[in-house]
Amino acid sequence: MIGKLINRLLQGIVVLFVLYTLTFFLIRALPYGPFQTEKAIPAHVIEKLKTQLGLDQPLHVQYIRPLKNILLEGNLGVSTRLEGRPVNEIMAQAFPVSIHLGIMSMILAILIGLPAGVISAYKKNSMIDYLLMATAMIGLCLPSFVIGPILAEYLGRSKQMFPVMGWDVRQVSTWGLPVFTLSLGYAAYLARLTRSGVLDVLSQDFVRTARAKGVSTVKILVKHCLRGGLIPSAAYIGPAFAGIISGSLVIEAVFQVPGLGRHFIKAIETNDANVIFGIVLLYGALVTLGNIASDFLIAWLNPRSRAQS
Amino acid sequence: MTRISLYLISILTLFFTACQKETQVEKANREKILLVGNGGDPKSLDLHLVTGVIESKVIGSLFEGLVGDHPQSDTEMPSAAAVSWEHNADYTEWVFQLRQGAKWSDGELVTAHDFVFAYNRMLHPELAAPYVEMLYFIKNAEAYNKGEIIDFAKVGVKAEGDYTLRIQLKEPVPYLPGVTRHYTWFPVPKHIVLQHGKISDRFTEWTDVGNIVGNGAFVLQSWKMNDHVAVKKNPHYWDVENVKLNGVRFFPTENTYTETRAFLAGQLHVTYQLPPDLVPKMEKEYPQFLRKDPYVGSRFVRVNVTRPALNDPRVRMALSLSLDRKSLCDTVLQGFAPADTLSPDLGAYQPESVVAYDLEKARALLAEAGYPNGKGFPRYSILIGSGGTRSTSEAIQAMWKKNLNILFDIHAMDYGSYISAQQKLDFDVTLAGWIGDYLDPTTFLLMWTEGNGNNNTGWHSDDFEKLLDDAAHSADPAERLKLFVQAEKLLMEEQPIIPFAWQAKTYLLQPQVKNWQPLLLDNHPWSAVELNSEKEAP
Amino acid sequence: MSLVIQKGTSLRADAMQRLKKNHAAVLGMYLLLLIVLAAVILPFTPLLADPNAQDLLVKNTQPNQQYWFGTDHLGRDIFSRVFYGGRISIAVAVLTTLVAVSIGVIYGAVAGYASNKVDALMMRCVDILYGMPFLVVVILLGKVLENMTAAWAADLVDLFTADTDSDDKINAVRTAIEPLVTMVPLFLAIGALSWLTISRIVRAQVQSIKKLEYIEAARSLGLSHFTILFRHILPNCIGPIIVYTTLTIPGVMLFEAVLSFLGLGLKPPNSSWGVLIKEGADMMLTNPWLLFFPSLFFSLTLLSLNFLGDGLRDALDPKSSKD
Numbered sequence: 001m002i003g004k005l006i007n008r009l010l011q012g013i014v015v016l017f018v019l020y021t022l023t024f025f026l027i028r029a030l031p032y033g034p035f036q037t038e039k040a041i042p043a044h045v046i047e048k049l050k051t052q053l054g055l056d057q058p059l060h061v062q063y064i065r066p067l068k069n070i071l072l073e074g075n076l077g078v079s080t081r082l083e084g085r086p087v088n089e090i091m092a093q094a095f096p097v098s099i100h101l102g103i104m105s106m107i108l109a110i111l112i113g114l115p116a117g118v119i120s121a122y123k124k125n126s127m128i129d130y131l132l133m134a135t136a137m138i139g140l141c142l143p144s145f146v147i148g149p150i151l152a153e154y155l156g157r158s159k160q161m162f163p164v165m166g167w168d169v170r171q172v173s174t175w176g177l178p179v180f181t182l183s184l185g186y187a188a189y190l191a192r193l194t195r196s197g198v199l200d201v202l203s204q205d206f207v208r209t210a211r212a213k214g215v216s217t218v219k220i221l222v223k224h225c226l227r228g229g230l231i232p233s234a235a236y237i238g239p240a241f242a243g244i245i246s247g248s249l250v251i252e253a254v255f256q257v258p259g260l261g262r263h264f265i266k267a268i269e270t271n272d273a274n275v276i277f278g279i280v281l282l283y284g285a286l287v288t289l290g291n292i293a294s295d296f297l298i299a300w301l302n303p304r305s306r307a308q309s
Numbered sequence: 001m002t003r004i005s006l007y008l009i010s011i012l013t014l015f016f017t018a019c020q021k022e023t024q025v026e027k028a029n030r031e032k033i034l035l036v037g038n039g040g041d042p043k044s045l046d047l048h049l050v051t052g053v054i055e056s057k058v059i060g061s062l063f064e065g066l067v068g069d070h071p072q073s074d075t076e077m078p079s080a081a082a083v084s085w086e087h088n089a090d091y092t093e094w095v096f097q098l099r100q101g102a103k104w105s106d107g108e109l110v111t112a113h114d115f116v117f118a119y120n121r122m123l124h125p126e127l128a129a130p131y132v133e134m135l136y137f138i139k140n141a142e143a144y145n146k147g148e149i150i151d152f153a154k155v156g157v158k159a160e161g162d163y164t165l166r167i168q169l170k171e172p173v174p175y176l177p178g179v180t181r182h183y184t185w186f187p188v189p190k191h192i193v194l195q196h197g198k199i200s201d202r203f204t205e206w207t208d209v210g211n212i213v214g215n216g217a218f219v220l221q222s223w224k225m226n227d228h229v230a231v232k233k234n235p236h237y238w239d240v241e242n243v244k245l246n247g248v249r250f251f252p253t254e255n256t257y258t259e260t261r262a263f264l265a266g267q268l269h270v271t272y273q274l275p276p277d278l279v280p281k282m283e284k285e286y287p288q289f290l291r292k293d294p295y296v297g298s299r300f301v302r303v304n305v306t307r308p309a310l311n312d313p314r315v316r317m318a319l320s321l322s323l324d325r326k327s328l329c330d331t332v333l334q335g336f337a338p339a340d341t342l343s344p345d346l347g348a349y350q351p352e353s354v355v356a357y358d359l360e361k362a363r364a365l366l367a368e369a370g371y372p373n374g375k376g377f378p379r380y381s382i383l384i385g386s387g388g389t390r391s392t393s394e395a396i397q398a399m400w401k402k403n404l405n406i407l408f409d410i411h412a413m414d415y416g417s418y419i420s421a422q423q424k425l426d427f428d429v430t431l432a433g434w435i436g437d438y439l440d441p442t443t444f445l446l447m448w449t450e451g452n453g454n455n456n457t458g459w460h461s462d463d464f465e466k467l468l469d470d471a472a473h474s475a476d477p478a479e480r481l482k483l484f485v486q487a488e489k490l491l492m493e494e495q496p497i498i499p500f501a502w503q504a505k506t507y508l509l510q511p512q513v514k515n516w517q518p519l520l521l522d523n524h525p526w527s528a529v530e531l532n533s534e535k536e537a538p
Numbered sequence: 001m002s003l004v005i006q007k008g009t010s011l012r013a014d015a016m017q018r019l020k021k022n023h024a025a026v027l028g029m030y031l032l033l034l035i036v037l038a039a040v041i042l043p044f045t046p047l048l049a050d051p052n053a054q055d056l057l058v059k060n061t062q063p064n065q066q067y068w069f070g071t072d073h074l075g076r077d078i079f080s081r082v083f084y085g086g087r088i089s090i091a092v093a094v095l096t097t098l099v100a101v102s103i104g105v106i107y108g109a110v111a112g113y114a115s116n117k118v119d120a121l122m123m124r125c126v127d128i129l130y131g132m133p134f135l136v137v138v139i140l141l142g143k144v145l146e147n148m149t150a151a152w153a154a155d156l157v158d159l160f161t162a163d164t165d166s167d168d169k170i171n172a173v174r175t176a177i178e179p180l181v182t183m184v185p186l187f188l189a190i191g192a193l194s195w196l197t198i199s200r201i202v203r204a205q206v207q208s209i210k211k212l213e214y215i216e217a218a219r220s221l222g223l224s225h226f227t228i229l230f231r232h233i234l235p236n237c238i239g240p241i242i243v244y245t246t247l248t249i250p251g252v253m254l255f256e257a258v259l260s261f262l263g264l265g266l267k268p269p270n271s272s273w274g275v276l277i278k279e280g281a282d283m284m285l286t287n288p289w290l291l292f293f294p295s296l297f298f299s300l301t302l303l304s305l306n307f308l309g310d311g312l313r314d315a316l317d318p319k320s321s322k323d
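Residue numbers (the working numbering), protein chains in the order written: chain Y, 1 to 309; chain R, 1 to 538; chain S, 1 to 323.
Hints are computed from structural coordinates only; laboratory data are not their basis. Given the structure is predicted, the values throughout are model-derived calculations rather than measurements. A portion of the hints provided could be inaccurate.
To be verified - A few chain Y residues that face chain R, going by a derived Cβ cut-off under 10 Å, partial list only:
| no. | residue |
| --- | --- |
| 1 | E38 |
| 2 | E73 |
| 3 | R85 |
| 4 | A212 |
| 5 | H263 |
As the list claims (entries may be wrong) - Ranges between beta-carbon positions, derived for each pair:
| no. | chain 1 | residue 1 | chain 2 | residue 2 | range |
| --- | --- | --- | --- | --- | --- |
| 6 | S | V26 | Y | T21 | 49 to 59 Å |
| 7 | S | F230 | Y | R170 | 35 to 45 Å |
| 8 | Y | I128 | S | L98 | 25 to 35 Å |
| 9 | Y | V169 | R | G210 | 44 to 54 Å |
As the list claims (entries may be wrong) - Here are the simulated SDA-like cross-link-like pairs (lysine to any residue), alpha carbons at most 25 Å apart as the crow flies:
| no. | chain 1 | residue 1 | chain 2 | residue 2 |
| --- | --- | --- | --- | --- |
| 10 | R | K224 | Y | K159 |
| 11 | R | K224 | R | E241 |
| 12 | Y | K266 | R | Q195 |
| 13 | Y | K159 | S | A24 |
Every residue gets a Cβ at the ideal spot worked out from N, C-alpha and C, and that includes glycine.
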């Protein structure tokens, strides 16, 4: 178990290294550089800036320098778009917001999605099943840039229940709209996947046997089906978790949440290499950890593959 | 069952009515804090490193230039860091007398040396200030910035004693006081900047919360990225008794719909920009909040004149004459005004109107150029960024198709590629805009010279540049403006850019904000704004 | 279990029988068929106005007798924009989902079935793809594909217009060919980038099945890995695959809108459901019908698809026939 975990973490380091390398070359292929602004900067100033940031040095030097700084000092360098603000500081401000928003949303999504999926499977093809699944589908069909403004307009502006803009950790009411909006899509995914997973188990032989023996369906559901039935959801939740906490651009824009998403988009728009590296590596680490957790969860849920691990 | 739900409903109602506490605006009214939608987060507060309008709002609260902004008038030049100024006969030398006893927010005196230091830092080749061209009016400034002169003493800025600043210019600049209202001309505290690094160090901590020191009406209180920038009253400000606000909070409201919603929900006193499609709704439902102020901005189609067909001025004029600008401003650019020339209202400067909606002439010109009824016209596209110009491009595309029978594609691009394509002249026509930095035609005309980084049309004209040059060396302000009128007329007859709308500042403002008048440059001096916390009589 | 080895025909007939009993699924199927047919056929009939024709005199018209779904701020008929847009969106959905699901299922199945080492390697590749800065990839892809597709489109247009000089005809051919050609790389791009999660789900499912007794039995019978994996394991994963497919479709349809705002794919002023919803979202307060009608058709389609998918899942489930 421990050995397997260490093995996976080592693989994760390789993943991060490959990610850095790929990103390094990709952003150099972008058709624009870091100092292209709407109001043109004089050419001699751009030259000077490039020299100062070492962008005129040979490629391998440029490739190794950030890597060395990250590994030796944990220093991600400075942002070019934000005129020299340290990337570490940017991440330190934005990441806690993203992780808070993400975790709250994921918990809410699980609390809504899993029970809905289980009930739906248990009451298969009944009115309640159709109702739950139709709601889930509508949750998916109304993207957050539609549902967010609608909720903000109704609950925020006209009912004055929640602020429509801003984020304050100490003020619970500011969490309401972003967390709820962000969780809806994930909840819908989880509900659909859980329903299908539980149905698969319900139709398996051992369940039939148990049923034939007269064990109550609810008991079967809880004791036998839930574990196996959650496998698809567990496989989905790893990357979803990484995605949800790395920041959602739409939610951040609609509710003005100061998370990572906006920094990332703007860094890409302006070819702000160090910020891109920082966020890509963070996201890569989250994907790795999320998938490790998800794979261990799958193994735990699946009695047969437990023996294997 | 029904009884339970009744209970539930009444409890919920109680809970939510309890939530109906005062709005953030009401609270801010009490505390005399202005809540401002600022359109985005500042990139930095180091006034030598930024170029944007968003930054200028925050910097304008923290620093003050030689000449101040007047709350009611664009042309008034109230004294600020300088109390008086005079110029020589041909406007090439200006002497500013600084305010004695004015202090930085840490209590140190503001002196002429701080101004000289600021200009030295801005022009320092190693600092690589992006907006450095704003100081090129000064004698030898460009040469020093490009490293052709090493000695800053040769640059035309001198401190004579602590309170006299003498500025020599490379050419007559009768509008210099107006230019010094721009943040690139503000002073920086020499003692603080040097405490955190060398004069030419780009990335230092002098602008961090707690370190930054200014001479403006407010000091930086807190800055959380993409969340807010808060400033509070500066007790060391020379005119502190006339500062009515206790503070200002700037919110980075990038999404204009969110911003409008926040305003209506009582979270903002003033917004940055109302989305054009909400203008009619606001006119109808909230006329008491809606403000439509003229603004020194222009929107235009930029034409790549190196492309076949587009290199013919007749074709460009035909494209221009076939745009129904009034329709555009009624549909996709609500609040904006139809443009008949490039420069919007700049006060004294009155350019001639050149372009209009004239289909007959447009078709005739197109036929004359060899494309009767659009026949044989190459297939080109309109380049747009991913922002809000999509509808405008669709409307323009339809007008050209209908009026000239020329079909343009629309090519959308991400922001970075869009900017890059323009600068590399890798487009056919594109939608663009320009916002003036000060109230003088140079801010709209100088960029159309050969090799200017903002030209991006491939167009240049010796006659045009000669007119600009003559104007630059003219010491008679009236004569000067006349030359600019001629230059703009020449530019408009060639149409390397096809102006279609003058920008307006359309936004929402709470009526309890006082002393906030329409201003062309939209620089409302924060020190003069008042908040009336009493409820207005209906 | 024995059914799996039975002949396909009886299985299929059996499945059809079971599908027919599921009313929600049948209703979904007919509704879906109706919408798809309407979106495919209507644009060829004179019933629909030109979706891109602007008439500023009737801008922002509420739904009425002449404009059933109203008009937008440029006076374009939303009824015809919804159906023209539906054609694009359905094409995007079908093609990209096909690409994404095929790659995802095969990749996930192989990873789940293969040895630990191969599995680890394959899944780390998936991790890397998850971590890539997606927007950068899209921008670069757009740049590369732009020139390529422009060249293809030009070649094709030349081919079809070799014998004519008429500008109108050349323009007509162009208008017909270019959107299609420029969309194809988009389909591939979205498909190639959205298979990651489905591969993880299929892999997990395969891993849980491959240790079951009947697979061990098949192995001891000496069946090839290929047969075991694709004939005996994958059919048992059909539930999650169908469900995840129905979940992928709304995502790719909306993703298409994001990409076309970035310049990859559909060019303005052409519409798709995603683009219409994105534009309508901004105007929900002033012209709510601009959001309502595209969203209605979008949701109806996906809802039908979802119930059809659930019906199919039940019908195809090799185990449920014992009920």
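Results for each hint:
Interface restraint check for Y:E38: the shortest CB-CB distance to chain R comes to about 6 Å, inside 10 Å, so the restraint holds. Because the smallest distance between the Cβ of Y:E73 and any Cβ of chain R comes to about 16 Å, over 10 Å, the interface hint for this residue is violated. Among the interface hints, the one on Y:R85 holds; its C-beta lies about 7 Å from the nearest C-beta in chain R, closer than the 10 Å criterion. With its C-beta approaching chain R no nearer than about 37 Å, Y:A212 sits outside the 10 Å limit, and its interface hint is violated.
At a threshold of 10 Å, the smallest CB-CB gap from Y:H263 to chain R is about 8 Å, leaving the interface hint in force. For the hinted restraint 49 to 59 Å between S:V26 and Y:T21, the CB-CB distance of approximately 53 Å keeps it satisfied. The beta-carbon spacing between S:F230 and Y:R170, approximately 56 Å, falls outside the hinted interval of 35 to 45 Å. Range check, Y:I128 to S:L98: about 33 Å between beta-carbon atoms, so the 25 to 35 Å window is met.
Evaluation of the 44 to 54 Å hint for Y:V169 and R:G210 yields a failure: the beta carbon distance comes to about 21 Å. As the CA atoms of R:K224 and Y:K159 are separated by approximately 28 Å, the hinted pair breaks the 25 Å bound. Of the pairs offered as hints, the one joining R:K224 and R:E241 is violated, with about 29 Å between alpha carbons and a cut-off of 25 Å exceeded. The straight-line distance between the Cα atoms of Y:K266 and R:Q195 is roughly 32 Å, outside the 25 Å bound, and the hint therefore fails.
Distance restraint check for Y:K159 and S:A24: the Cα-Cα separation of roughly 37 Å exceeds the 25 Å cut-off, and the hinted pair is therefore not satisfied.
Of the numbered hints given earlier, the model fails hints 2, 4, 7, 9, 10, 11, 12, 13; all others are met.
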